[in-house]
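Trainee: Start from the sequences and build out the full structure, keeping to the hints where you can.
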Amino acid sequence: MKQKIVVSNVRFPYQDWMMLKSLASDMDMSTNEYIQYACKIDSVKKITGLKKILVKPKNHDPFKELLAFAKTHKGTPMGANEDDKIIYGID
Numbered sequence: 015m016k017q018k019i020v021v022s023n024v025r026f027p028y029q030d031w032m033m034l035k036s037l038a039s040d041m042d043m044s045t046n047e048y049i050q051y052a053c054k055i056d057s058v059k060k061i062t063g064l065k066k067i068l069v070k071p072k073n074h075d076p077f078k079e080l081l082a083f084a085k086t087h088k089g090t091p092m093g094a095n096e097d098d099k100i101i102y103g104i105d
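In this text, residue positions in the sequence shown follow our numbering: the first is 15, and each later residue adds one.
For the record, the hints were derived by calculation from the structure and aren't laboratory data.
Be aware that a few hints might be false.
To be verified - The calculated lysine to aspartate or glutamate pairs, modelled on DMTMM-like cross-linking and capped at a C-alpha distance of 20 Å, are:
hint : residue 1 : residue 2
1    : 78        : 40
2    : 16        : 47
3    : 54        : 42
4    : 35        : 56
5    : 54        : 30
6    : 78        : 42
7    : 54        : 40
8    : 35        : 47
9    : 85        : 30
Stated by the list, open to error - Simulated restraints on C-beta separations:
hint : residue 1 : residue 2 : range
10   : 75        : 44        : 18 to 28 Å
11   : 57        : 21        : 16 to 26 Å
12   : 100       : 76        : 37 to 47 Å
13   : 83        : 16        : 42 to 52 Å
14   : 83        : 43        : 22 to 32 Å
15   : 53        : 97        : 49 to 59 Å
16   : 86        : 23        : 27 to 37 Å
17   : 22        : 58        : 33 to 43 Å
18   : 45        : 94        : 29 to 39 Å
19   : 45        : 86        : 22 to 32 Å
20   : 96        : 55        : 50 to 60 Å
Virtual Cβ for every residue (Gly too), placed ideally from N, Cα, C.
Mentor: Okay, here's the thing in structure tokens:
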């Protein structure tokens, strides 16, 4: 059976989008599949009246650790080396 597919332009804040991509990859899904999965779960919860689904907690979330590191680490530009200055005409 063929399903009609709706293409939409959904906008997310960048941090939320990266979190979605991470969660999807943890479940070996594409981001699109994960969003569809999340919508189905939410719909089922509303229809059945379930308040929450029990999920086994993780000891640590590497993605959150990476985000925390990225927020605290401020990189400094290295500048151009002598060869780059000659090639690109940088003074």
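Trainee: Each hint should be assessed against the structure and marked as holding or not.
Mentor: Hint check:
| no. | hint | verdict |
| --- | --- | --- |
| 1 | 78 <-> 40 | holds, 13 Å |
| 2 | 16 <-> 47 | holds, 17 Å |
| 3 | 54 <-> 42 | holds, 17 Å |
| 4 | 35 <-> 56 | holds, 18 Å |
| 5 | 54 <-> 30 | holds, 19 Å |
| 6 | 78 <-> 42 | holds, 18 Å |
| 7 | 54 <-> 40 | holds, 18 Å |
| 8 | 35 <-> 47 | holds, 10 Å |
| 9 | 85 <-> 30 | holds, 15 Å |
| 10 | 75 <-> 44: 18 to 28 Å | holds, 20 Å |
| 11 | 57 <-> 21: 16 to 26 Å | holds, 20 Å |
| 12 | 100 <-> 76: 37 to 47 Å | holds, 42 Å |
| 13 | 83 <-> 16: 42 to 52 Å | holds, 46 Å |
| 14 | 83 <-> 43: 22 to 32 Å | holds, 25 Å |
| 15 | 53 <-> 97: 49 to 59 Å | holds, 53 Å |
| 16 | 86 <-> 23: 27 to 37 Å | holds, 33 Å |
| 17 | 22 <-> 58: 33 to 43 Å | violated, 21 Å |
| 18 | 45 <-> 94: 29 to 39 Å | holds, 37 Å |
| 19 | 45 <-> 86: 22 to 32 Å | holds, 27 Å |
| 20 | 96 <-> 55: 50 to 60 Å | holds, 57 Å |
The structure does not agree with numbered hint 17 stated previously, though it agrees with all others.
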